[in-house]
Every structure is written in C-alpha cells, then in structure tokens.
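Here's the letter readout for the chains.
There are 2 protein chains.
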Amino acid sequence: MEIQHSHANFSFEILARQNRARTGIFKTPHGDIFTPIFAPVGTQATVKSLTPQQLADIHANLVLSNTYHLYLRPGDDLVAEMGGLHQFMQWPRPMLTDSGGFQVFSLAQTRKIDADGVTFKSHIDGSSHRFTPEKSIAIQENLGADIIMAFDECAPPYERAYNQQALARTHAWAERCLQAKKRQDQALFGIVQGGIFPDLRQESAEFIASLGFPGHAIGGLSVGETKEEMNQMLEVVDHCLPEDKPRYLMGVGTPEDLIQGVLRGVDIFDCVLPTRLARHHAAMTLTGRLNLINASFSRDERPIDENCSCYTCQYFTRAYLRHLIVAKEMLSATLISIHNLHTLLHLAEEIRSRISAGQFEEYATNFLNELEQTKATKSRQ
Amino acid sequence: MEIQHSHANFSFEILARQNRARTGIFKTPHGDIFTPIFAPVGTQATVKSLTPQQLADIHANLVLSNTYHLYLRPGDDLVAEMGGLHQFMQWPRPMLTDSGGFQVFSLAQTRKIDADGVTFKSHIDGSSHRFTPEKSIAIQENLGADIIMAFDECAPPYERAYNQQALARTHAWAERCLQAKKRQDQALFGIVQGGIFPDLRQESAEFIASLGFPGHAIGGLSVGETKEEMNQMLEVVDHCLPEDKPRYLMGVGTPEDLIQGVLRGVDIFDCVLPTRLARHHAAMTLTGRLNLINASFSRDERPIDENCSCYTCQYFTRAYLRHLIVAKEMLSATLISIHNLHTLLHLAEEIRSRISAGQFEEYATNFLNELEQTKATKSRQ
Numbered sequence: 001m002e003i004q005h006s007h008a009n010f011s012f013e014i015l016a017r018q019n020r021a022r023t024g025i026f027k028t029p030h031g032d033i034f035t036p037i038f039a040p041v042g043t044q045a046t047v048k049s050l051t052p053q054q055l056a057d058i059h060a061n062l063v064l065s066n067t068y069h070l071y072l073r074p075g076d077d078l079v080a081e082m083g084g085l086h087q088f089m090q091w092p093r094p095m096l097t098d099s100g101g102f103q104v105f106s107l108a109q110t111r112k113i114d115a116d117g118v119t120f121k122s123h124i125d126g127s128s129h130r131f132t133p134e135k136s137i138a139i140q141e142n143l144g145a146d147i148i149m150a151f152d153e154c155a156p157p158y159e160r161a162y163n164q165q166a167l168a169r170t171h172a173w174a175e176r177c178l179q180a181k182k183r184q185d186q187a188l189f190g191i192v193q194g195g196i197f198p199d200l201r202q203e204s205a206e207f208i209a210s211l212g213f214p215g216h217a218i219g220g221l222s223v224g225e226t227k228e229e230m231n232q233m234l235e236v237v238d239h240c241l242p243e244d245k246p247r248y249l250m251g252v253g254t255p256e257d258l259i260q261g262v263l264r265g266v267d268i269f270d271c272v273l274p275t276r277l278a279r280h281h282a283a284m285t286l287t288g289r290l291n292l293i294n295a296s297f298s299r300d301e302r303p304i305d306e307n308c309s310c311y312t313c314q315y316f317t318r319a320y321l322r323h324l325i326v327a328k329e330m331l332s333a334t335l336i337s338i339h340n341l342h343t344l345l346h347l348a349e350e351i352r353s354r355i356s357a358g359q360f361e362e363y364a365t366n367f368l369n370e371l372e373q374t375k376a377t378k379s380r381q
Numbered sequence: 001m002e003i004q005h006s007h008a009n010f011s012f013e014i015l016a017r018q019n020r021a022r023t024g025i026f027k028t029p030h031g032d033i034f035t036p037i038f039a040p041v042g043t044q045a046t047v048k049s050l051t052p053q054q055l056a057d058i059h060a061n062l063v064l065s066n067t068y069h070l071y072l073r074p075g076d077d078l079v080a081e082m083g084g085l086h087q088f089m090q091w092p093r094p095m096l097t098d099s100g101g102f103q104v105f106s107l108a109q110t111r112k113i114d115a116d117g118v119t120f121k122s123h124i125d126g127s128s129h130r131f132t133p134e135k136s137i138a139i140q141e142n143l144g145a146d147i148i149m150a151f152d153e154c155a156p157p158y159e160r161a162y163n164q165q166a167l168a169r170t171h172a173w174a175e176r177c178l179q180a181k182k183r184q185d186q187a188l189f190g191i192v193q194g195g196i197f198p199d200l201r202q203e204s205a206e207f208i209a210s211l212g213f214p215g216h217a218i219g220g221l222s223v224g225e226t227k228e229e230m231n232q233m234l235e236v237v238d239h240c241l242p243e244d245k246p247r248y249l250m251g252v253g254t255p256e257d258l259i260q261g262v263l264r265g266v267d268i269f270d271c272v273l274p275t276r277l278a279r280h281h282a283a284m285t286l287t288g289r290l291n292l293i294n295a296s297f298s299r300d301e302r303p304i305d306e307n308c309s310c311y312t313c314q315y316f317t318r319a320y321l322r323h324l325i326v327a328k329e330m331l332s333a334t335l336i337s338i339h340n341l342h343t344l345l346h347l348a349e350e351i352r353s354r355i356s357a358g359q360f361e362e363y364a365t366n367f368l369n370e371l372e373q374t375k376a377t378k379s380r381q
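Chains A and B, in that order, give the protein sequences.
Residue numbers for the first sequence follow our numbering, so the first one is 1 and each next one is one higher.
Residue numbers for the second sequence follow our numbering, so the first one is 1 and each next one is one higher.
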C-alpha cells in the first residue's frame, strides 16, 4: 500500500554538525524553528501563569499543547470553531500537539486497550471516551498545530513482554495515523517506543523510519528508567533514524538532559518541568535547583542566578520571591516560570551557537564536568 | 503645641476645575501623580497576579500597599533592610501605605482598643501584636512609601455613639502621628471619619484640616452604607477640607464611584475590587460586569469590551477567558486583572481630560444616565 505524503509546507535544513550534534532550521507554516530547541508546555492552551507576551519576551518559539486535555476541555470542536489553537490561545509561532496517548495511559481513570484503540474515563468527571489513531488525528486536525503526533502506547520501561505488545500496536497505529491525516499544513511525526530494550528500540526506529514521516519522536523515555539507560536508548535510535529529518525527545527537559540529548542527535525537547517546578517554589539553574521557600533566602538580595538575563533576575531578589511564596502570591509562579523557561530556552540558544562555532563538544564536556563537581560538593556538605 | 511640617518634597497644583471637580499634579519623590487617579492595591507588596511590567503597561502610577500585612509578613524591618518597599517589589513610581487601622479592625482576630492603641491577634498565626499611632508611623517609615496615612479607627457606619468615641481617638491619634513622623520624604495624610453622620463628618474634617497635613483622606465609607449616604458625606467633607490639598477617598473603586467622587472634589481613589473580581471571574465594564464563567460565553468570540484597548481585549476572546476559568488556569486572573485595572485607570485618564477640556459635568451626566438606563434594562429582563 502506497501512502501519499505531502510535506510541502515543511522543510528541515541542517546548518552545522559536530559529531552527532546538529543545528538547523525546521520550517513550518507559523515560522522557522531553530534547532536544537526547547518547547514550553501549554497543557490546557496556556503555558501556566504566563501571557503569550511574556513567552515572547523570553524568546519562546515552539509551544506544545495537549490533545487529551483540550479534547476534554474546552473540546477540539470548540477550538476549531474559534479559529484553531494558534488563534484561540494567541500564540502566533509554531505549535505542536501530542497525540493524547501518553495522557490516556498516565492520567485517565480506568482504561481498556484493544488493537483498535483505547477506551478510558476522563480524569475530570469520569465520563467515558474512546481514542483511536483516527480519532487522535481528527482531534489534532481540529486543533491545528503545525506539528502533530502519531497515536502511540507508552509501556512501563522495564516490562519486555508489555513493550513488545505495545510496540506492535504503536507501529500499526502509526500507519493508520498516516492514512487518516488530511491537512497539508501539519507535519505528522512518528513515535519510536521500545522501553529500555536496545533491540526493541532498533526495531521500532527502523520501522517508524520506513514510513516516511517528516520527523521522528522518541517516546517512552524519562518515565522511570536511569539516565544511563535513557542515553543508551538515544544512541540506538540515533543510528537508526534518518539524519535529514528532525528528532524530538518527548517530555525531557533538564539542562543536563538537553546536553546529553543533543550529543546524541536530538533536535527538539519539551517538558512541563520548568513551570511545574516554578509552582512548587523551585528555581532552575544550569547546575542545580534553589528551593526558594527556604528561610535562608529571606534576606538574600541576590537574584536567582547572577548570570541570568531574564526579567526576574534583572529586577527581583530571592528575598522578594521567598516573600511571595510564603504569602502564597500567584506572582511567584509567574516570576519563577519566566526564569526557569528562560534558563532552558537560553541554554538551547547557547547550544545552537556552540554547534555552529564547532565548540559544542568542548562546551558539553565542561558543562557535564562542572555539574559532576557541583553534585560532588553538595553530597559532601 | 506647635508641630513642624516639612512638605518640601511634595506639592499639589490644580491645573483645571469644573465646579467641584478638579484635575492637578501631586509631586512626590517618586514622580508626579496626575489627579484624579485610581491606585491599584498591592496588599502584600504585589498587585495580585501582575508583574510591575504589566502594571506599567496599563499606565498604573500610584500603587497602594498594606501596613498591617507587610508588618506581619515579611516584616517591615526586612523590607527596610531590602531597601524599602519600592526597591523590594520593584515599583519605581509613587506608592502609598495605609496605617494598618482598617485591617486591624476588619481582619485581625480578637482586638482590644484603648486610648493609646490597639492590641490584636494576627489573622495568620494568632500571635499577639500592638499598634499605636507611633508604631504605625514607625512601620510606614520602614516601608518608605511616598504617601503614608495616620492611624485611625473605622467604626461601623450607623452606630453614632461608637462613632463619637472612635472619632475622639482618631483625632488624638492624628496629632500623635504628626509628632511621631520623622522622614521628610514622606507625606502624611490625615483621615476624616464620622460614619454617616453629617455633624460628625463636619467636626472631623474641620479638626483634621486644622492640623496642617499635606493631604486628607476620607475613611469609613464604602463599608456598608448606601451610595446616597456616601455621596452626602463626601459633600459635607468637600466643603470643610482645604481645596489646595489632595483628597483621597479610601477603598472606593467602581466606575460610578469614581465619577461621583470626582463630582464631589475627590482626587485619589484605591480599591481591591478590580483584582478581587478578576480572581472571581468577573470582568468590569463602565456599565456593569460580566461573569465570564457563564456558559453563554463559551463560544463568544468578542473581547470583554469592544471599546477597550487593553492587552486582554486586544488579543483574547471571552471564549478563551471562560476556558481558562473553567480549566482553573491562573492566567485568567492575570488577563482579567489587566482588563479591570485598565478600565479604571483609563476612566481616570478620561476624567482628567474632560475636566481640562471643561466637559466633565456633561460627561458625568451622560455616564450616570447611561448607567441608569443599563440598570433599568437589566432589571426588566
């Protein structure tokens, strides 16, 4: 069976490489994505506590939103009627929606998986729903993001038999997603699964690559396995996926993970971590986290990070941020989210520059060494 | 006893009048306040859910903060150590702190009032504290706002005997506040009380005016009395207070109240209403409120107010705002606060222009007529 793919609205050009790391431009109908990139997550059509203006101020570009959440609330039909997700949430730059697969398996109450799809109950009101590959694509076409994802099954990383079974479904569903897709202004990415099993990962990457997607995602990582296992899986997949298409490592977003991912050929990252940590009082820096609720910060006149150029670090002290947290003021989430997202967006920018300048490997080595030293110092304290 | 007043850092110039309404400039160490003005409230050293940048974007100028709250948390000594309130919360324009009097009487648990001051228990942890006029001034000097307030007692509006007793204390405390004040870069305003009793209001206004404060506040209104009673009290006070000093109507902030206040010689207003309503899903317009959680807005593509030029109305639909509210997203409070505050700040700007142009009385008459018609239409529906 021949499946027609039109990727006319999309193109990926690699501008520079250093060993496995690469920097490039992925062109979309809503603008160019310079890779490697970190995408903030706007689960319910909003990056929590930030306006689009504040996102633009920290140079956010690609923003992710969640199919499962938007299908349930406000409904993808409503979003379509309001002109689509870009118009609805007023984000004029590139957007990506996931397939709903991960949330169905992680958030929904009672779910029943069969070869055709998944029946589940909403985590909001317990109402019953069914996702199939065709339904996931239909929802994502209603939402209208630039990049959409194939419907997949994310199995627990260490269960081999379950991963084999889930992989078969994920592969069959990938083909059905390609067939179901109608809109020409969206790029559908396939997803590689396979837990922590190198042979399954290789099989999956080779199969998914054979389907001719304009981009590939690596799913089922950062879900409980070790960093070493994640990096090993990335290396397996890196060597199987075509080099001329972008690779997206789903749900991964610490500074260390960005460096390790780029070293293994990854182009796109996303994670709720920066905004979730912010709502729990934790500020990210390149070498660790500050829990700003600690009393030690109550009279600390320094910014979160003296080397950071974000709005929060330019104007506000740790003492003020701690006061906002203790007083339960919403502004703390906003200001720390600005800082945390800026940290990852700025790191991605630095990575792009270093690759272009042929200095990334040295930069990555220094970065990881420094991180090791910081961890060692902390563990001795 | 002669009390020395230095107001060298402050001056009030009236630029234009129309009957009792006036527009002018009150100069402070942190910039000029163009009156009539509406001051957003930043209770705990933050206007809830907004960054100072967002406040500046809607042309906020004077911002109020609360002595009672900041004394309890994070402590006025800490704020002083961090460089004062302007520096701490990064608001570079004029600021005003209240005296803590109103909160002690409205928020604190068990309180005991005597001639010297008030002993009360914190609403946060039940700990015991004591405010006197001298303590209130000392706290406000630590905080360092441009305008500070005399410590007063706000009695229930309809209790005559209580009001007489509270007035005697308020007047004695006003004199003690003047004596206690040391900083020359702060303007201390006296507060007129007297419930809904014209003779008490007149007595209070005349006494407070005799003390030579650089500005006067009208307290104890908008606390349960009718609009007619409030307006009557404003008229009594208006004719007793010196015209060459600014008048501040405390805690008042609907569009109608601004118009009615300015018609009766008021220059400064503040209220938590715009931001409090925003957190409870209500958007303010000049002619009423929209409760954006209503299902009727779920597919409404209009902005809150088609005549509004704020960020929220320029970009976001009622449908999107309703989605944020239903999904319990913090961004709804931010976006509606921007709109609500902009509505009052923009109205104050319009009032200033109309007074300068000699058109305010006509504008006010039309405004109040239109409001009446809207209310009549709504009550017939």
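Please keep in mind that the hints were generated in silico from the structure rather than gathered at the bench.
Keep in mind that the hints are not guaranteed to be accurate.
For identical chains, the list gives no copy identity; a pair is met inside one copy or between any two copies.
Restricting the straight-line Cα-Cα distance to at most 25 Å, the calculated cross-link-like pairs of lysine to any residue (SDA-like) are [what the hints assert, rightly or not]: (1) Lys-135 with Asp-114; (2) Lys-182 with Asp-125; (3) Lys-182 with Arg-318; (4) Lys-227 with Arg-318; (5) Lys-182 with Leu-211; (6) Lys-245 with Ile-124; (7) Lys-328 with Ala-376; (8) Lys-112 with Ala-357; (9) Lys-182 with Gly-288; (10) Lys-121 with Arg-183; (11) Lys-245 with Arg-183; (12) Lys-48 with Arg-279; (13) Lys-375 with His-346; (14) Lys-48 with Arg-111; (15) Lys-135 with Arg-111; (16) Lys-245 with Pro-303; (17) Lys-328 with Glu-81; (18) Lys-328 with Ile-293; (19) Lys-27 with Gln-109; (20) Lys-112 with Arg-279; (21) Lys-245 with Gln-179.
In this text, all values refer to a predicted model and were calculated from it rather than measured experimentally.
Taking the hints in turn, this is what the structure says about them:
Taking the shortest Cα distances, Lys-135 and Asp-114 sit within 25 Å of each other inside one copy (15 Å), while across copies they are farther apart (71 Å). Taking the shortest Cα distances, Lys-182 and Asp-125 never come within 25 Å of each other, neither inside one copy (31 Å) nor across copies (60 Å). When the C-alpha separation of Lys-182 and Arg-318 is checked against a cutoff of 25 Å, the pair qualifies neither within a copy, at 50 Å, nor between copies, at 30 Å. With identical chains, the CA atoms of Lys-227 and Arg-318 are never at most 25 Å apart, being 31 Å at best within one copy and 44 Å at best between copies.
For a Cα distance limit of 25 Å, the shortest separation of Lys-182 from Leu-211 inside one copy, 16 Å, qualifies, whereas the shortest one across copies, 79 Å, does not. Taking the shortest Cα distances, Lys-245 and Ile-124 never come within 25 Å of each other, neither inside one copy (37 Å) nor across copies (57 Å). In this assembly of identical chains, the alpha carbons of Lys-328 and Ala-376 never lie at most 25 Å apart, being 34 Å within a copy and 41 Å across copies at closest. With identical chains, the CA atoms of Lys-112 and Ala-357 are never at most 25 Å apart, being 51 Å at best within one copy and 71 Å at best between copies.
Proximity of Lys-182 and Gly-288 under a CA criterion of 25 Å is satisfied in neither setting, with 44 Å inside one chain copy and 46 Å between copies. With identical chains, the CA atoms of Lys-121 and Arg-183 are never at most 25 Å apart, being 29 Å at best within one copy and 64 Å at best between copies. Taking identical chains as interchangeable, the C-alpha atoms of Lys-245 and Arg-183 lie at most 25 Å apart only when both belong to the same chain, with a minimum of 20 Å there against 67 Å between chains. Within a single copy, Lys-48 and Arg-279 get their C-alpha atoms as close as 9 Å, and across copies as close as 15 Å, so both meet the 25 Å cut-off.
When the C-alpha separation of Lys-375 and His-346 is checked against a cutoff of 25 Å, the pair qualifies only within one copy, where the shortest distance is 22 Å, while the shortest distance between copies is 52 Å. In the homo-oligomer, the alpha carbons of Lys-48 and Arg-111 never lie at most 25 Å apart, since the shortest distance is 28 Å inside one protomer and 40 Å across protomers. Taking the shortest Cα distances, Lys-135 and Arg-111 sit within 25 Å of each other inside one copy (16 Å), while across copies they are farther apart (62 Å). In this assembly of identical chains, Lys-245 and Pro-303 lie within 25 Å of each other by CA distance neither inside one copy nor across copies; the values are 40 Å within and 41 Å between.
In this homomeric assembly, Lys-328 and Glu-81 come within 25 Å of each other (Cα to Cα) only across copies, at 22 Å, whereas the closest approach inside a single copy is 37 Å. Both within a single protomer and between protomers do Lys-328 and Ile-293 lie at most 25 Å apart by alpha-carbon distance, with minima of 11 Å and 24 Å respectively. Taking identical chains as interchangeable, the C-alpha atoms of Lys-27 and Gln-109 are never at most 25 Å apart, the minima being 38 Å within one chain and 61 Å between chains. Taking the shortest alpha-carbon separations for Lys-112 and Arg-279, neither the intra-copy value of 33 Å nor the inter-copy value of 39 Å comes in at or below 25 Å.
In this assembly of identical chains, the alpha carbons of Lys-245 and Gln-179 lie at most 25 Å apart only when taken from the same copy (20 Å versus 76 Å across copies).
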